[in-house]
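Engineer: So the chains spell out like this:
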Amino acid sequence: MPDNRISLGQGILKGLALTIKHFISRPIITVQYPEERLVTSRRIRGCDLVWDSERCTACCTCAKSCPQGNIHIETKVRPDNTREAVVFEIDHGRSMFCGLCVESCPFDAIHMGRSYERATYNRDSLVIPKEKLVAQGDRQPSGYFRPQFEETLPPQSLLIYGGKSSEVKTPENPPPQSPATAAPVSEKKEPAEREKVGVK
Amino acid sequence: MQDAGLSIAFWLLAIASVGSALAVVLLRNVFRAALLLISCFFAIAGLFVTLGADFLAMVQILVYVGAIAILLLLGIMLTKEAMRGSPFSRWQVGAGIASVLLLISMIWVFNQTDWPKTNTEVALEPTTAAIGLKLLDMDAGFVLPFEIASILLLAAVIGAIVLVKEK
Amino acid sequence: MDWLHWIIYVVIILAFVLTLVMSFILIERRVVGRFQLRLGPNRVGPQGILQPVADAVKILLKEDIIPSKVDRVVHLLAPIVTFAPAVLIFAVIPFQQAGNGLFFDLKSTASMVDLDVGVLFIFAISSISVVGLVMAGWASNNKYALLGAMRTIAQMVSYEIPMVLAVLGIVLIAGSLSLADIVDKQNIPFILLQPLGFFIYFLGATAEMNRSPFDLLEAESEIVAGVNIEYSGMKFAMFFLGEYAYALAVSTITSVLFLGGAKFPWGLLPQSFIWLLVKILLVFFVILWIRSTLPRVRVDQLMGFAWKFLLPLSLINLFLVAAEGMLPSGFTWPIVALNVTLAVALVVIWANRFYRVGGAKVA
Amino acid sequence: MALKTEPIVVNMGPQHPSTHGVFRMRVTFDGEIIKDLEPVMGYLHRGVEKLAESRTYTQFIPLTDRLDYLASMTNNLAYVLAVEKLGNIEVPPRAQYLRVIMAEMMRISSHLMAVGFMINDMGAFYTPLLYMYREREKLLDLFEMVCGQRLTYNYMRIGGLSHDVPPEFLPALKKFVSEMPGFIDEYDQLLKENEILLARTKGVGILSKELAINSSASGPVLRGSGVKWDIRKADPYLVYDKLNFEIPTGTVGDIYDRYWVRMVEMRQSVRILEQAIEQLPAGEIRTALPHLVRPPCGEAYGHIEAPKGELGFYIISDTGVAPYRCHIRAPSLINLTALKDMVVGLMLADAIITLGSIDIVLGEVDR
Numbered sequence: 000m001p002d003n004r005i006s007l008g009q010g011i012l013k014g015l016a017l018t019i020k021h022f023i024s025r026p027i028i029t030v031q032y033p034e035e036r037l038v039t040s041r042r043i044r045g046c047d048l049v050w051d052s053e054r055c056t057a058c059c060t061c062a063k064s065c066p067q068g069n070i071h072i073e074t075k076v077r078p079d080n081t082r083e084a085v086v087f088e089i090d091h092g093r094s095m096f097c098g099l100c101v102e103s104c105p106f107d108a109i110h111m112g113r114s115y116e117r118a119t120y121n122r123d124s125l126v127i128p129k130e131k132l133v134a135q136g137d138r139q140p141s142g143y144f145r146p147q148f149e150e151t152l153p154p155q156s157l158l159i160y161g162g163k164s165s166e167v168k169t170p171e172n173p174p175p176q177s178p179a180t181a182a183p184v185s186e187k188k189e190p191a192e193r194e195k196v197g198v199k
Numbered sequence: 000m001q002d003a004g005l006s007i008a009f010w011l012l013a014i015a016s017v018g019s020a021l022a023v024v025l026l027r028n029v030f031r032a033a034l035l036l037i038s039c040f041f042a043i044a045g046l047f048v049t050l051g052a053d054f055l056a057m058v059q060i061l062v063y064v065g066a067i068a069i070l071l072l073l074g075i076m077l078t079k080e081a082m083r084g085s086p087f088s089r090w091q092v093g094a095g096i097a098s099v100l101l102l103i104s105m106i107w108v109f110n111q112t113d114w115p116k117t118n119t120e121v122a123l124e125p126t127t128a129a130i131g132l133k134l135l136d137m138d139a140g141f142v143l144p145f146e147i148a149s150i151l152l153l154a155a156v157i158g159a160i161v162l163v164k165e166k
Numbered sequence: 000m001d002w003l004h005w006i007i008y009v010v011i012i013l014a015f016v017l018t019l020v021m022s023f024i025l026i027e028r029r030v031v032g033r034f035q036l037r038l039g040p041n042r043v044g045p046q047g048i049l050q051p052v053a054d055a056v057k058i059l060l061k062e063d064i065i066p067s068k069v070d071r072v073v074h075l076l077a078p079i080v081t082f083a084p085a086v087l088i089f090a091v092i093p094f095q096q097a098g099n100g101l102f103f104d105l106k107s108t109a110s111m112v113d114l115d116v117g118v119l120f121i122f123a124i125s126s127i128s129v130v131g132l133v134m135a136g137w138a139s140n141n142k143y144a145l146l147g148a149m150r151t152i153a154q155m156v157s158y159e160i161p162m163v164l165a166v167l168g169i170v171l172i173a174g175s176l177s178l179a180d181i182v183d184k185q186n187i188p189f190i191l192l193q194p195l196g197f198f199i200y201f202l203g204a205t206a207e208m209n210r211s212p213f214d215l216l217e218a219e220s221e222i223v224a225g226v227n228i229e230y231s232g233m234k235f236a237m238f239f240l241g242e243y244a245y246a247l248a249v250s251t252i253t254s255v256l257f258l259g260g261a262k263f264p265w266g267l268l269p270q271s272f273i274w275l276l277v278k279i280l281l282v283f284f285v286i287l288w289i290r291s292t293l294p295r296v297r298v299d300q301l302m303g304f305a306w307k308f309l310l311p312l313s314l315i316n317l318f319l320v321a322a323e324g325m326l327p328s329g330f331t332w333p334i335v336a337l338n339v340t341l342a343v344a345l346v347v348i349w350a351n352r353f354y355r356v357g358g359a360k361v362a
Numbered sequence: 000m001a002l003k004t005e006p007i008v009v010n011m012g013p014q015h016p017s018t019h020g021v022f023r024m025r026v027t028f029d030g031e032i033i034k035d036l037e038p039v040m041g042y043l044h045r046g047v048e049k050l051a052e053s054r055t056y057t058q059f060i061p062l063t064d065r066l067d068y069l070a071s072m073t074n075n076l077a078y079v080l081a082v083e084k085l086g087n088i089e090v091p092p093r094a095q096y097l098r099v100i101m102a103e104m105m106r107i108s109s110h111l112m113a114v115g116f117m118i119n120d121m122g123a124f125y126t127p128l129l130y131m132y133r134e135r136e137k138l139l140d141l142f143e144m145v146c147g148q149r150l151t152y153n154y155m156r157i158g159g160l161s162h163d164v165p166p167e168f169l170p171a172l173k174k175f176v177s178e179m180p181g182f183i184d185e186y187d188q189l190l191k192e193n194e195i196l197l198a199r200t201k202g203v204g205i206l207s208k209e210l211a212i213n214s215s216a217s218g219p220v221l222r223g224s225g226v227k228w229d230i231r232k233a234d235p236y237l238v239y240d241k242l243n244f245e246i247p248t249g250t251v252g253d254i255y256d257r258y259w260v261r262m263v264e265m266r267q268s269v270r271i272l273e274q275a276i277e278q279l280p281a282g283e284i285r286t287a288l289p290h291l292v293r294p295p296c297g298e299a300y301g302h303i304e305a306p307k308g309e310l311g312f313y314i315i316s317d318t319g320v321a322p323y324r325c326h327i328r329a330p331s332l333i334n335l336t337a338l339k340d341m342v343v344g345l346m347l348a349d350a351i352i353t354l355g356s357i358d359i360v361l362g363e364v365d366r
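Chains as they are written, first to last, in numbering that gives the first Met the number 0: chain D, 0 to 199; chain F, 0 to 166; chain S, 0 to 362; chain B, 0 to 366.
Don't read these hints as lab results, they were simulated from the structure.
Check before you lean on any hint, since a few could be wrong.
Said to hold, decoys possible - Just some of the chain S residues that point at chain D, by a computed CB distance under 8 Å:
#, residue
1, W288
2, S291
3, T292
4, L293
Quick caveat: nothing in here was measured; it's all calculated off a predicted structure.
All C-beta atoms, glycine included, are put in the ideal place defined by N, C-alpha and C.
Required output: the full structure, derived from the provided sequences and hints.
Structural biologist: Pasting the structure below:
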């Protein structure tokens, strides 16, 4: 039953006490974005796909599984009777990053990316051809449906641990292997850098 | 110097008050007319200041601008055709004659009255305490009229509450 | 007539108002941000102190839109009529009293003009800003603006009465309408002698300057900023600055009337303009604290609160002050204790009664 | 004394800060009293039901995220439950428990938003909302950890889940579950007894018990009116019959009751989470199915207790790879139809918070 007591102003006073308590003693949770960055989830479905031309057999499963029909593939048959993707284009402007293409790839040739800064000035540059789709620079694969990468990525920072990485307060989990094969996205996202925010 | 300044101020305020009063009557847009009425009240408050009646000037603004004119504006906002103003009616001629007669009689009365004149300089003193004493002093003041007016206002307030009380 | 005095004070007041209004905007955003565990603007300049400048530049460069069906003259005049009174109020504020100060001594009270009817002047002038808001609401030819203007009228007219009655208590104690005299008489801050009066005045003033929880005039979630919905660019900036100038005015008046103006409490330290500034900021902080805690009341509850809660209390308060004035002098501390007790008791009793007669319509 | 007054018609929306999206109310006012209200919907219509007919069963899951975008996980859940019912697909127990965990996390998150925005509509300058956002952010972190996204999760799959949760998920969730009751206490301290909130919400926007049932309302709106109806109890799905929790009901059906029901439901959700974490079995999280699911010919209605009410997917299969027809019973839409009955005779400000207390999401209303 909802409480039906009549109050004489103590409710407002309680509220004022709570806000002043927050004013004085609670930590600020703002992350000042361009300078401070949170470590994203190991499974992040970031805003680009990473394509591995070596592993791709141009089977087009990803194109078929895409709900939007965003993946455009044209193939040709090589002399050794394998197929090769001549055109492999993804329209990121229409993508909703559901990850179904990554999930369906039978050869682990396509991965979700880890970056989340892919704004451009025109829509044409959102259609990404295969030359730009390969892993390079900060275009690195995430662990979404790719457990082999997931192990190597830095742990996500969680607000519940004050914005620090999830590994800090859970010593029962072994620290991750050194990120050799799949490096973190950039230098800025090291957990040590991130810890400044939590203590602020 | 100060006299000249006061004269200039008086004439400016007089022109402003008469001009805005005329505009109130002549303008078709009722809302603008009400705004000009406010400026008329202001000019009159300024006239009070030139006469050294600081308390009265402030009360003029507080009561007439702050309360009466504002309520007038509220009334106008609730009217539908405020922008078009009041239409011509057959009362126009009668009202014109009545106002001309009133003007003539007032001018006549002003001219006939033997106004007491003083040649001594009136010192500009704070008037608040003097007004208070005049109103509430037991011997030399107007306590009885003051209290009668209070009772009248109280009755009006109660009457207003009774009128708008929810049934 | 000392023309130099006038010119200097015009400059001082304009500088005082504009700098403090600018810093109020920043302080508000930073403090409310801190209440909400955010940082607030901190990008422009160190700690964001240039943010108001950036805002001003932005707003000046905005397109000045005049909607096609507005009453142009009234539409353009409205921001000026709203802004000007807020600055005019400072003409009578005593920034420092005559006599020994902390850093320098003054021969006369530091105010532009020490009017004998200073308190009346403040209320008279502040009632003008309503006219500006009504003009804006009417001339904008917008239904939300009209609703906002109607709310403004109802709110301002209602809250002026308990406010003036509450300040009358101060006037009775001080025996003068002049602000300099009122500050002179405050050997102890009048908030102790007049706790109930302060309570009523502060709530009334919060409503008069459209601050939460009485910000119905703007009520973004209901009438989408009300009267200034059709304003843009510099005209909007005038409204915006006017609102903060009015907040500054209310903080200043509260400091002068109830907190002893430029005096340090009990005269422990020499008086100075700095104490006034500290008090102003303190009052503004309380306003922000309330703003960041409370939701808005409804328009009929607002009116009920003014007429059924504040008005009777202010009348009782006035009566009590008058009765206490009959006592021989020298009972300061007993009277303080009595008044604080009475204030708390009266507020609680009246709040209870207010609920029971259905003022707040709690089912 | 009866003054003749002129009613004014105000179009609130589609661009209005408090209509929670592109929703329009044509309101007829007499002064500030509402005489009539006509909801106008359809500004966000995207034809989701029709799109389902041209997507495979799996491909439609990401589109369900876009319905009630504040509770995407439950949309996923309702849809996959309907498809599993249609295809008689068994779900492994670990997946069932994880689904319950996700659904209850989503309920807390959605209720935090609902209450926060309702208070915001009431004019509290974002403070309660931001305090609630802080907790929601922690939940979003956990969702991101599980499935890589913070808003459109696409986590449920037909026959289970897309992933198992990572090892660091459960410790973090346990920490959240242990802290959350304290935060709910804080919200209560800030809001529950606040006189202004009481005055604004008590006895305002009343939806009577009969009208609530007749208008087919569900969720906190129905329970606020005093009807003890919760699909988790009435037609238990997943493992809700193995968990202990209570259904809060209001008495009057006013805004305060709906607010109160949401606050208590959050506490109950925390309770469910505690039990589900404890009982969580190990094992598979997904039944092996062919890549293209082809349910047998027939029709099925899968419904769950979403945060906003009964969310149902009615799916007809013609043994193809895509549904022949998919109908979505959106709780927001059906609760919204009772709006007019709640607000006529109230004031403008009441209409805004009544709308806020219904907790609509336009993505779901217009579909």
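Engineer: All hints, please: hold or fail.
Structural biologist: Against the structure, the hints come out as follows:
Hint status for W288 of chain S relative to chain D: holds, with the closest Cβ pair at about 6 Å, below 8 Å. Interface hint at S291 of chain S: satisfied, since its Cβ lies 6 Å from the closest Cβ of chain D, which is below the 8 Å cut-off. Evaluation of the T292 of chain S hint against chain D yields a held restraint, the C-beta minimum of about 5 Å falling below 8 Å. Taken as an interface hint, L293 of chain S checks out: its beta carbon lies about 7 Å from the nearest beta carbon of chain D, inside 8 Å.
Of the numbered hints listed earlier, not one is contradicted by the structure.
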